[in-house]
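Note that the protein sequences, when read in sequence, are chains A and B.
Here the numbering used here is used: the first residue of the first sequence is 1, the next is one more, and so on.
Here the numbering used here is used: the first residue of the second sequence is 1, the next is one more, and so on.
Hints listed in this document are in silico derivations from the structure and should not be mistaken for laboratory results.
All values reported here derive from a predicted model rather than from experimental measurement.
Where hints are given, some of them may not hold.
Some chain B residues well away from chain A (every beta-carbon gap over 12 angstroms; in silico) [said to hold, decoys possible]:
#1 Asp-49
#2 Ala-142
#3 Ile-143
#4 Arg-155
#5 Tyr-255
#6 Asp-311
#7 Glu-399
#8 Ala-404
Label-pair ranges, simulated between beta-carbon atoms [what the hints assert, rightly or not]:
#9 Pro-378(B) <-> Ala-178(A): 54 to 62 angstroms
#10 Ala-281(A) <-> Phe-534(B): 43 to 51 angstroms
#11 Gly-76(B) <-> Ser-280(A): 21 to 29 angstroms
A virtual CB, placed ideally from N, CA and C, is assigned to each residue, including glycine.
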Amino acid sequence: MAALTTVLRPDVLVLRPPRRTVSAALFASLFLALVLVAVLAVPLATRAQSTSVAGSANAGASGDAARYSAAVATEWFRVVLPAIQQTPGQSPPVAARTLAYLSLGLYESIIAGIPGQRSLTGQLSELDSLPAAQPNEVLHWPTVANATLAALTHMLLPNAPADWNARFDALERNMPVAQSADFDPAQRTPEVIIRSETHGRLVAMALMTWARTDGGHDVLGPRRVRLDSQYVSPSGPGAWVPTPPRFVRPLLPNWGSNRPFMPAAQQRCAPSGPPHYDESAGSPFYREAEEVRRVSVEPTEEQRRIALYWADDPGKTPTPAGHWAWILTDLLRDRKANLAMAAERYARMTIAMSDAFVATWKVKYEVNLLRPVTYVQLVMDSNWVPPLMETPAFPEYPSGHSVQSGAAAAVLENFFGSDTEFEDRTHNDRGWGPRRFKSFRAAAEEAALSRLYAGIHFRSAIDHGVKQGRCIGAQALALVTREAH
Amino acid sequence: MLRAVGLLALALLWFVAPAIVRSQALPPPGERAGAATVPRVPHFVDETDAAGVQSRFDGDWEYTVGGGVAAFDCDGSGLPSLFIAGGVNRSKFYRNRSVRGGALKFVQERAGLELTSTLGAYPIDLDGDGTLDLVVLRVGEAILMRGLGDCRFARANELWSFQGGNQWTTAFAAAWLGAEQHPTLAFGTYIDRSQQDFPWGHCTDNQLLRPAAGDRLGFAPPYALKPGYCALGMMFSDWNRSGMPALRVTNDREYYKAGQEQLWRIEPGVEPHLFAAGDGWKPLQIWGMGITSADLDGTGYPAYFLTSMADNKLQVLAAGAGRPEYRDIAFASGVTAHRPFAGGDVHPSTAWHAQFADVNNDGWTDLFVVKGNVGNMPDFAMLDPSNLLLGGPDGRYVEAAPEAGLLNYQRGRGGLLVDLNGDGMLDAVIVNRWDRAKVWRNVGAGSASAPQPIGHWLQIRLRQDGGNRDAVGAWLEVEASGRVQRREQMVGGGHASGTLGFLHVGLGEATTARVRVLWPGAKLGDQVLVSPWFDAAADRSYLLDRQKGLAPWRP
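Throw the hints in and build the complete structure from the sequences for me.
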């Protein structure tokens with residue numbers, strides 16, 4: 001009779017025919033006993049290390065993710081943000097969604113390695129479950145994170161230019177060497193590597209399965225393009241119409257119908273609405289338009305700089321969500337945050353920003369308000385155009401910049417303090433930075449106001465937008481990630 | 001033998017050829033060629049820049065059609081000011097500051113008419129207050145702009161409970177039907193805008209807005225005139241002189257399925273009836289872009305000119321006034337205008353606005369056809385000049401645009417022949433897609449510095465009490481030199497372009513004329529709803545008031 005013996009190295013399968021001697025039988029039995037002990041001892045040992053409370057599905061898997069630096073995460077974001085800039089279709093709302101799924105994937109993939117933390121499944125819309133790490137599985141969290149982020153990046157940016165795909169592959173491949181401090185070979189046995197990468201990819205695949213049903217998937221695909229081409233703008237006094245110079249069709253008119261991450265945030269944070277549309281001089285609406293025109297006819301040098309700094313145009317920058325992700329990335333690096341902290345912060349902030357865009361687009365197309373250039377040309381000065389930039393091709397109220405900056409700032413304040421000075425290096429490469437801000441709130445308000453200076457938003461859209469954004473940020477902060485005791 | 005034949009051929013050529021050449025050439029004006037007198041050609045001077053008109057009609061898909069102009073006197077000066085549609089650009093209002101009889105001058109003014117997404121407009125006094133209002137056709141909501149006097153306008157959709165909808169509105173016509181105080185409005189719509197990828201077969205319904213009951217002006221909710229076949233021109237016209245106009249709709253065969261030209265009988269309190277083959281209405285499928293009408297043969301029944309791609313149509317009644325059965329006499333009349341007459345492009349034409357009017361004041365109706373490529377359609381003429389076809393007593397028309405100096409090689413769309421400087425000679429406006437609108441001054445037989453009318457003329461403004469102040473639906477008759485010329489007062493027609501003000505009539509050599517009006521509702525030969533004959537002196541503008549009679553018109 002043949003006995004099949006395996007050792008702990010699954011790539012080596014050893015078939016040992018038994019010796020027909022008593023000593024051989026004894027030897028075999030002893031060996032079996034040793035094997036059994038080894039197999040049982042390892043998870044026991046790791047469980048002893050864990051401080052998780054009974055009841056958690058992933059009790060004491062393998063080490064604390066907080067022991068590792070945030071480098072894996074921050075390195076991926078440092079590559080993904082410029083990639084977003086160069087990937088077709090990554091307009092501001094789309095880019096925000098991309099960053100949110102990346103961050104959520106990161107968080108969920110290492111959740112088992114954050115003692116006392118729980119998954120966001122059950123709290124996010126229609127997300128019931130994700131693959132959990134096996135309780136007795138040793139995983140190396142940076143490896144997991146690396147695999148998850150790599151897989152998600154490829155799936156979220158399938159049409160990134162070829163050179164970026166090569167960079168993604170190189171980053172994933174070289175991460176263990178580049179971040180050797182986090183990638184201890186003693187910990188990263190081949191089995192651990194395989195299990196960690198498998199787990200990371202499983203989480204990524206499951207997350208994408210969920211992501212593909214949110215309405216925002218494959219923005220450049222034929223279904224979406226046809227759906228958007230069937231949209232007909234409402235008509236009437238104050239209604240949005242295409243704006244000069246290119247008079248383009250409205251962008252992503254159905255984005256507001258996407259499934260948000262947080263089911264209740266939209267209703268809870270709905271803005272109050274713009275002033276009543278009125279073309280008569282002296283009316284509140286007229287006065288807001290007059291403010292836009294006056295400020296942008298002769299902007300100060302400071303105003304010009306601010307308008308351009310926060311423009312965050314797609315194709316030229318990582319977009320507004322990318323701007324704040326850049327800020328967070330630098331904060332995490334400067335403060336030498338650990339992987340667990342990084343995952344939670346990225347997740348909350350990017351979820352807040354993505355939902356901010358969905359909520360903004362929903363209101364934009366419901367209210368369907370015309371842009372300042374249309375109103376000013378009709379009512380005040382037929383030759384006026386915003387001097388600093390083209391009006392974006394979608395309705396005015398509220399201001400997307402204001403909502404998403406308000407959301408991002410609210411989340412960052414919570415983690416880093418409300419009066420924390422910080423340095424923004426997002427546009428260093430363009431020669432516009434760094435810029436220091438007294439607080440996250442101050443930066444968000446400057447980002448919001450930049451749209452007035454640019455001549456493309458009324459005051460109400462900005463003020464209400466920041467408020468709406470802070471509310472959405474608060475909703476993201478209210479997501480429960482600690483286990484109940 | 002061969003040599004003999006060759007010599008004979010040469011001899012024939014020597015004697016016959018000059019005769020052939022002579023017969024083709026346009027004889028000097030006034031000389032008799034055959035049995036007819038050749039019309040004298042008026043001169044037009046391009047005064048777009050000098051007049052200060054800077055208006056462009058721009059836009060993509062939804063602005064392939066439209067591009068109209070409205071001319072109307074909004075300040076009592078007697079000189080029509082201009083509203084020019086802009087497409088994606090704002091529409092513009094140009095106040096007429098021309099010197100009477102002199103150079104054209106327009107000043108852009110803020111009149112409340114600065115609107116987005118405009119395709120064209122028609123002036124009409126909707127509320128009967130004596131001040132012209134403006135119906136604006138748009139991509140999106142149609143807007144009724146109420147005239148406030150002194151060339152200021154305000155939106156009145158809500159005031160008049162007018163539901164402007166959210167359609168691609170490309171045509172308009174209005175009439176006061178029966179004894180109704182307030183007008184019935186008909187809007188032509190084009191294509192369902194949500195079907196941009198595949199518009200064929202997606203024409204939308206036209207809209208009929210009847211006046212609501214009551215003394216104040218208001219409109220009932222829109223009634224869908226089905227089926228819609230992508231209308232680009234409409235007019236209410238009394239085709240059979242029964243006193244009740246019918247609604248003619250010209251449709252673009254490019255986008256409809258199983259469609260045709262349409263004639264609707266629309267009467268108060270009765271369901272609209274679409275004339276069919278059984279009524280005598282023969283199916284006709286054209287790329288209908290514009291429509292104009294005139295009594296060309298003196299019978300009192302209007303002929304209809306329909307613009308299209310390649311051949312245009314000129315329809316006259318074929319079986320009497322009892323049936324709307326028409327036959328096409330475009331070829332016989334020389335008005336097919338199916339390809340460019342100049343410029344060297346041999347592809348077929350695309351014609352848009354058309355208008356019957358007397359541009360040389362010789363008493364014979366002429367025909368103005370605005371043309372231009374749809375966009376960059378390679379199978380149709382790219383250099384497609386607009387036509388100025390001069391009519392004569394033999395019913396034939398001759399092309400005179402090059403000689404007249406009225407050459408427009410841009411993508412013409414809407415346009416108008418209208419007297420802009422009060423000198424009795426009809427000037428021209430053309431709105432061009434992706435280019436500037438242009439205006440020309442008619443200087444007759446003279447020059448820009450010394451204009452000289454070719455023939456005598458009359459301009460008559462109609463007036464009556466009640467809601468239908470301008471007597472829309474009335475027929476003006478002018479008798480001079482032993483003939484009666486007729487003009488139907490109407491709101492609609494052309495291509496997205498309209499004017500309402502003086503009815504212009506050329507008198508040729510006659511220095512006096514008799515005028516009268518068959519008021520709205522009058523049948524041909526009506527004895528009751530008709531004014532007495534009034535004597536009028538030539539080269540004057542008159543006001544013919546139903547209650548007060550004929551009087552010289554004063555600003």
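Status of the hints after comparison with the structure:
1. Listed as a non-interface residue, Asp-49(B) keeps its Cβ farther than 12 angstroms from every Cβ of chain A; the least gap is roughly 18 angstroms.
2. For Ala-142(B), the non-interface assignment is contradicted: its Cβ lies about 9 angstroms from the closest Cβ of chain A, within the 12 angstroms cut-off.
3. Its beta-carbon lying about 9 angstroms from the closest one in chain A, Ile-143(B) breaks the requirement of being farther than 12 angstroms from that chain.
4. With a closest Cβ-Cβ approach of about 7 angstroms to chain A, Arg-155(B) is found to fall inside the 12 angstroms limit, against its non-interface label.
5. With 12 angstroms as the threshold on Cβ separation, the claim that Tyr-255(B) sits away from chain A holds: the shortest Cβ distance comes to roughly 17 angstroms.
6. Listed as a non-interface residue, Asp-311(B) keeps its Cβ farther than 12 angstroms from every Cβ of chain A; the least gap is roughly 35 angstroms.
7. Consistency note on Glu-399(B): stated as away from chain A, and its beta-carbon is indeed over 12 angstroms from all of that chain's, at 37 angstroms minimum.
8. With a minimum CB-CB distance of about 34 angstroms to chain A, Ala-404(B) clears the 12 angstroms threshold, and the non-interface call stands.
9. Checked against the hint of 54 to 62 angstroms, the C-beta distance between Pro-378(B) and Ala-178(A) comes to roughly 58 angstroms, which is consistent with it.
10. A hinted range of 43 to 51 angstroms for the beta carbons of Ala-281(A) and Phe-534(B) is consistent with their spacing of about 48 angstroms.
11. Here the CB-CB span from Gly-76(B) to Ser-280(A) is close to 26 angstroms, well matched to the stated 21 to 29 angstroms.
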